[in-house]
Amino acid sequence: MDSDKLRRFKHKLLGKNLNDGYLGKIFIYSLLIIIGFIYVFPIIKMFTYSIKDLDDLVNPVVEWIPTKVYLVNYQTSFIVLSYWNTLLFSLVVTLVPAVLQTITCSFAGYALAKFRIKGKVIIFGLILMTYLLPTQVYMIPRFVLFDKLGILETAWAIIFPATFGQGLSSAIFILIFYQFFKMQPSALDESAEIDGANRYQVFIRIGVPLAAPAYLTSFLFSFVWYWNETYISSLFIGSDLYTLQLKLLNFSSQFGVTQGLTQQTINEAIKYSATILIILPVLIVYLVMQRWFVEGVDRTGITGE
Amino acid sequence: MRRPLKRKTRENLVGWSFLSLWAIGLLVFTMYPIITSFYYSLSTVILSGEGIKVTYIGLENYRNIFSTPEGFSFLQSVGDFAIEILIKVPIITVFAMIIAILLNQPIKGKGFFRGIYFLPVIIASGPVISQLIYQGAATIPLVEELGIIDFITETFSEGLARPLANIFSELIVILWFSGVQILLFISALQKIDKSVYEAAMIDGAGPWESFWKITLPSLKNMVLVSVVFTIINLGTYSENEAILHIKNNMFALETGFGFSSAIAWLYFIALAIILGLFFLFFRGFSNKRRTN
Chain A
1 MDSDKLRRFK HKLLGKNLND GYLGKIFIYS LLIIIGFIYV FPIIKMFTYS IKDLDDLVNP
61 VVEWIPTKVY LVNYQTSFIV LSYWNTLLFS LVVTLVPAVL QTITCSFAGY ALAKFRIKGK
121 VIIFGLILMT YLLPTQVYMI PRFVLFDKLG ILETAWAIIF PATFGQGLSS AIFILIFYQF
181 FKMQPSALDE SAEIDGANRY QVFIRIGVPL AAPAYLTSFL FSFVWYWNET YISSLFIGSD
241 LYTLQLKLLN FSSQFGVTQG LTQQTINEAI KYSATILIIL PVLIVYLVMQ RWFVEGVDRT
301 GITGE
Chain B
306 MRRPLKRKTR ENLVGWSFLS LWAIGLLVFT MYPIITSFYY SLSTVILSGE GIKVTYIGLE
366 NYRNIFSTPE GFSFLQSVGD FAIEILIKVP IITVFAMIIA ILLNQPIKGK GFFRGIYFLP
426 VIIASGPVIS QLIYQGAATI PLVEELGIID FITETFSEGL ARPLANIFSE LIVILWFSGV
486 QILLFISALQ KIDKSVYEAA MIDGAGPWES FWKITLPSLK NMVLVSVVFT IINLGTYSEN
546 EAILHIKNNM FALETGFGFS SAIAWLYFIA LAIILGLFFL FFRGFSNKRR TN
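If you read the sequences in order, they're chains A and B.
So for the first sequence, my numbering puts the first residue at 1; every next one is plus one.
So for the second sequence, my numbering puts the first residue at 306; every next one is plus one.
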């Protein structure tokens, strides 16, 4: 009797699987919560600061819970960032390159995974090289080139390289697509070809749907990286047009030249509210996409070897 | 009379048609600027209002790297970076894999946790992270308040305490740079058929064996992607010392874009060597069934 009880207790505590027993569960949740806290902590701090008014900001007693919700900081940031206009432009130089880059990289990844191409090793070498080479190396020559092409200080300076698979971290996306297409069983392709489909049809009908998670992953990353990018955009589109990130980078000087704020001085709370406003769009995109991200994976059905 | 193309040639052509967009882009937007930049590294480049004046000077810029204080401090930063990467890459890869596996378990609030674990991806690649580090928001006060670092220095001998304390104080930053890798591993984990685990369980395999025999082999390719990504992400991070050297010398009066291009090229070679070493290690680690 006793030993039976003990065994059942042991089973409950440790479980058959990592996630069955209580100990395993406690371990998983506590680890996830502790590390998650590290990531959330700065966001919470930024948020609480962003709704503090001047009194709360200087009051050492008020640390985590402001005495009142003070939204004027957000109003101020809205004006300084000229939020809606800047947001629209940021979305243009973020969404368009992200989509185009994902498509082009999927073509390249498919070609490398499914075709016997001459010079494949050289292509891989070149892909890796373009990725390894610090952007700073070829930015000035590219700047001169764009100047000659007359696309400097327009959104095209960001969109063109992305269209041709030379955008931000294109190489990593080609590699991701390569891995995904490589994992797809070639038996499916062959049977489709026997049924009379050509290679392009095979790609559209079989390759693309099966690689849905790769497309989503790649789009998400492209989107975020283009959103956060400041070095290239400051060089290529910097002087009249601004993305939100560029405005944030120059927030203090922007604040100084914004009309109608002369009676106010810049403080931490206003800066944090601007930061929150800039993270918000990506956060929303992720929260919307994340559901598809999971579903897209389940829908594919067939898994790799 | 036209003969149909041989199958091999046709395959080659169709393959290249998929590659063509990328190939054109490579030539115009990357190769041309890269070759120009290489030529710059062999020249003195003066940027002025009228345009660019380039004078060929041979290997002078490269020689300067090994003979001027500016060059030495660059070499120093490359050496530091190499050591840093040897420690950080394994930590980040293992950490990201563990978190991905945990997030892939049937836990409650999965969406909530994934939302949180994507935060580093959103934040660590933008100017926001620099702002957070600068304002001290990216460190957890607990590490300092609980005196973990003091505890380490008091408990261990000096030689052991310093690297340990270093890793601990950098740990938060390391975690912030693991966001993308976590997602990479999650996407690979979801490709694994769950019935394989069930079958293994019926055959009497425990979670430990399942991990080594099913999970890890399926993640093999992603480990490689993750390692490459980590090295390059850290290597081209805009606050990286070596990158700062390249940036600062670009518009510096006495060195200029020529010297800056030269150190950038040298840095590129160093990165390639580091990557090559990891590749060799990885090959040796998993050369059992690698048919290509």
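Honestly, the hints are just simulated from the structure, not real lab data.
Keep in mind the model is a prediction, meaning the values are calculated, not measured.
Using N, Cα and C, we set each Cβ at its ideal position, and we do this for glycine too.
Incorrect hints may appear among the rest.
To be verified - Quick list of the computed label-pair ranges, beta carbon to beta carbon:
{"no.": "1", "chain 1": "A", "residue 1": "Leu23", "chain 2": "B", "residue 2": "Phe417", "range": "17 to 27 angstroms"}
{"no.": "2", "chain 1": "B", "residue 1": "Leu332", "chain 2": "A", "residue 2": "Trp64", "range": "17 to 27 angstroms"}
{"no.": "3", "chain 1": "A", "residue 1": "Ile122", "chain 2": "B", "residue 2": "Lys499", "range": "36 to 46 angstroms"}
{"no.": "4", "chain 1": "A", "residue 1": "Ile194", "chain 2": "B", "residue 2": "Trp321", "range": "18 to 28 angstroms"}
{"no.": "5", "chain 1": "B", "residue 1": "Ile351", "chain 2": "A", "residue 2": "Ile44", "range": "43 to 53 angstroms"}
{"no.": "6", "chain 1": "A", "residue 1": "Ser82", "chain 2": "B", "residue 2": "Ile329", "range": "51 to 61 angstroms"}
{"no.": "7", "chain 1": "A", "residue 1": "Gln75", "chain 2": "B", "residue 2": "Lys415", "range": "50 to 60 angstroms"}
{"no.": "8", "chain 1": "B", "residue 1": "Lys499", "chain 2": "A", "residue 2": "Lys25", "range": "11 to 21 angstroms"}
{"no.": "9", "chain 1": "A", "residue 1": "Gln201", "chain 2": "B", "residue 2": "Val359", "range": "27 to 37 angstroms"}
{"no.": "10", "chain 1": "A", "residue 1": "Phe124", "chain 2": "B", "residue 2": "Gly589", "range": "42 to 52 angstroms"}
{"no.": "11", "chain 1": "A", "residue 1": "Ile44", "chain 2": "B", "residue 2": "Pro411", "range": "38 to 48 angstroms"}
Hint numbers not upheld by this structure, sorted from lowest to highest: 2, 6, 7, 9, 10, 11
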